[in-house]
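Participant: Here is how the chains run, residue by residue.
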Amino acid sequence: MKNYKKYFLIFDKNADLHYLDSGATTLKPKMVLEKMMEYYTEYSANIHRGLYPISEKATEEYENTRQKVADFIGAKYPGEIVFTSGTTDSLNLAAAGWAKRNLKAGDEVMVTIAEHHSNFVPWQQLALKNNFKFVVSGEVTKKTKLLAINHVSNVLGTVTPIKSIIKKAREISPEICVVVDGAQAVGHMPVDMVDLDADFYAFSGHKMYGPTGVGVLYGKAKRWLEMEPTRFGGGMIKTVSTTESTWADGPEKFEAGTPPIAEVIGLGATIDFIKEIGRENIVKHEKELTDYLIEKINKIEWLKIMGLGISSGRLGVVSMYSEAPGMGTSHDMADILGREFNVCVRAGHHCAMPLHTQFGVETGTVRVSLGIYNTKEDVDELIKGLEKVWMTFIKK
Amino acid sequence: MDDLYKEIILEHYQNPDHMGKIEGAIEAGEANMTCGDSLKIYAKVENGVIIDAKFEGGGCAISMAAVDMLLDNVIGKKLTEVKKMSGVEIEKMMGVELTPSRKKCAYLGLEVLKKLG
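Note that the protein sequences, when read in sequence, are chains A and B. The opening residue of the first sequence carries number 0 in numbering that gives the first Met the number 0; numbering runs sequentially from there. The opening residue of the second sequence carries number 0 in numbering that gives the first Met the number 0; numbering runs sequentially from there.
Fair warning: there could be bad hints in the mix.
[Unchecked claim] Only pairs whose alpha carbons sit at most 16 Å apart, straight line, appear in this in silico EDC-like list of lysine to aspartate or glutamate:
| id | chain 1 | residue 1 | chain 2 | residue 2 |
| --- | --- | --- | --- | --- |
| 1 | B | K82 | B | E55 |
| 2 | A | K375 | A | D290 |
| 3 | B | K5 | A | E339 |
| 4 | A | K387 | B | E6 |
| 5 | A | K67 | A | D191 |
| 6 | A | K56 | A | E37 |
| 7 | A | K75 | A | D191 |
| 8 | A | K67 | A | D271 |
| 9 | A | K387 | B | D2 |
[Unchecked claim] Covered stretches of chain B (chain A as the covering partner; in silico rule of three or more C-beta atoms under 8 Å from a C-beta of chain A):
| id | segment |
| --- | --- |
| 10 | 24-34 |
| 11 | 54-61 |
| 12 | 83-92 |
FYI, nobody ran anything at the bench for these hints, they're computed from the structure. Predicted model, so just to flag it, every value in this text is computed and none were measured. Here a beta-carbon is modelled for each residue, glycine too, at the ideal position from N, C-alpha and C.
Input sequences plus hints: build the corresponding full structure.
Facilitator: See the structure below:
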């Protein structure tokens with residue numbers, strides 16, 4: 000099994016780090032950091048309308064990334080890519096910019112029980128304020144005008160068959176707008192917008208080995224035309240008079256203010272990194288590790304995997320819990336793993352409380368989520384740590 | 000590494016002395032949903048002094064052990080004095096130094112006690 004740790008500087012200073020929290024944020028490869036450093040040291044200017052060389056260069060790098068992102072996710076046009084601050088920002092833009100304007104009272108907005116709060120709460124609140132009907136994991140009917148759904152669950156790791164879901168949903172409700180949360184998918188599997196046929200697709204840079212503070216909202220060209228900007232200011236206007244303003248035509252319309260320039264340019268380098276490693280190699284590496292992880296976890300009698308404890312149809316995100324009495328909660332488990340083994344996992348509800356309630360696991364789960372830098376040794380250390388958890392709590 | 004999960008803490012967590020309910024006592028509660036901790040404390044107070052206290056709830060080992068140790072400590076003391084206690088005293092009582100994220104767990108019991116009355 001190949002070791003990709005050498006691409007990540009953090010291991011130079013933390014050789015024994017077992018980072019298993021990529022679902023929260025991934026580590027950043029050296030080439031992404033170098034690209035951001037290049038911007039700050041060689042052409043650190045604001046973009047657009049700077050009539051001097053370093054601003055032209057910054058603009059070119061920024062807009063090149065838009066093209067790179069479009070190519071990377073199989074969008075038809077770079078104009079379908081709007082840069083945001085992250086998935087949450089992207090989903091809020093889809094809700095406030097598209098849904099608020101295009102849905103009417105009584106229309107049905109549907110989410111699934113397995114959504115991250117960022118693809119749940121914006122729709123719930125939008126529905127409450129505008130008298131839309133909010134449905135959780137129901138059946139799509141003609142009245143369903145919007146469906147918000149994850150591509151990969153951030154708790155269960157399940158890959159949702161969104162292509163067939165979208166196809167079916169359109170047969171029942173032809174005008175339905177489908178918004179996909181792709182935060183857990185984009186860095187770990189190939190995605191193709193034309194093939195999936197989603198109306199909107201949201202993801203973050205920092206969960207795909209890129210910088211924090213930058214995300215993407217892909218939208219079909221026609222959907223962007225149906226939208227109004229939700230944030231106003233510099234960069235997004237065509238004309239401004241004392242009485243009215245008009246908006247820029249392209250994606251700039253939705254990128255008010257100075258964008259996270261270094262982060263966007265860094266995101267471009269992230270795509271270069273993924274291409275250098277090879278998407279098929281990422282899939283293969285993570286699949287092998289996921290199989291190994293699930294096999295090991297399933298051998299631990301006192302632990303249960305939330306959802307299906309099988310390795311097909313999923314990515315390397317596994318949440319687990321113990322029902323044995325006196326074994327503490329996910330916080331105790333994660334504390335021992337972190338403190339004593341430098342195994343970094345997440346404890347709690349992972350921003351998916353409705354899902355944990357559904358499964359009856361109110362005290363939360365310990366989530367392990369894999370990245371390209373992980374090795375079997377990381378999983379072995381996790382298992383060693385879990386044995387220590389058992390030894391700590393077992394009644395003497 | 001300090002031993003957060005040392006025997007005395009585990010003992011209070013797994014075999015608490017003050018788990019239960021007191022009928023007709025004053026009570027207060029708090030739920031820390033993001034942690035999955037929930038806690039209710041019952042206290043019998045006479046002439047301003049806590050003469051008995053019990054708790055119900057569930058949560059991580061640290062929050063549950065802390066509340067059990069805290070109730071051990073406050074029975075026999077004046078409620079007004081107890082309300083002046085600080086988090087540092089909880090750590091002293093437990094004999095451990097807590098990280099910021101675990102302080103939230105350990106201080107839950109004290110937060111609820113402060114709501115009493």
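Participant: Failing hints, ascending?
Facilitator: 1, 12
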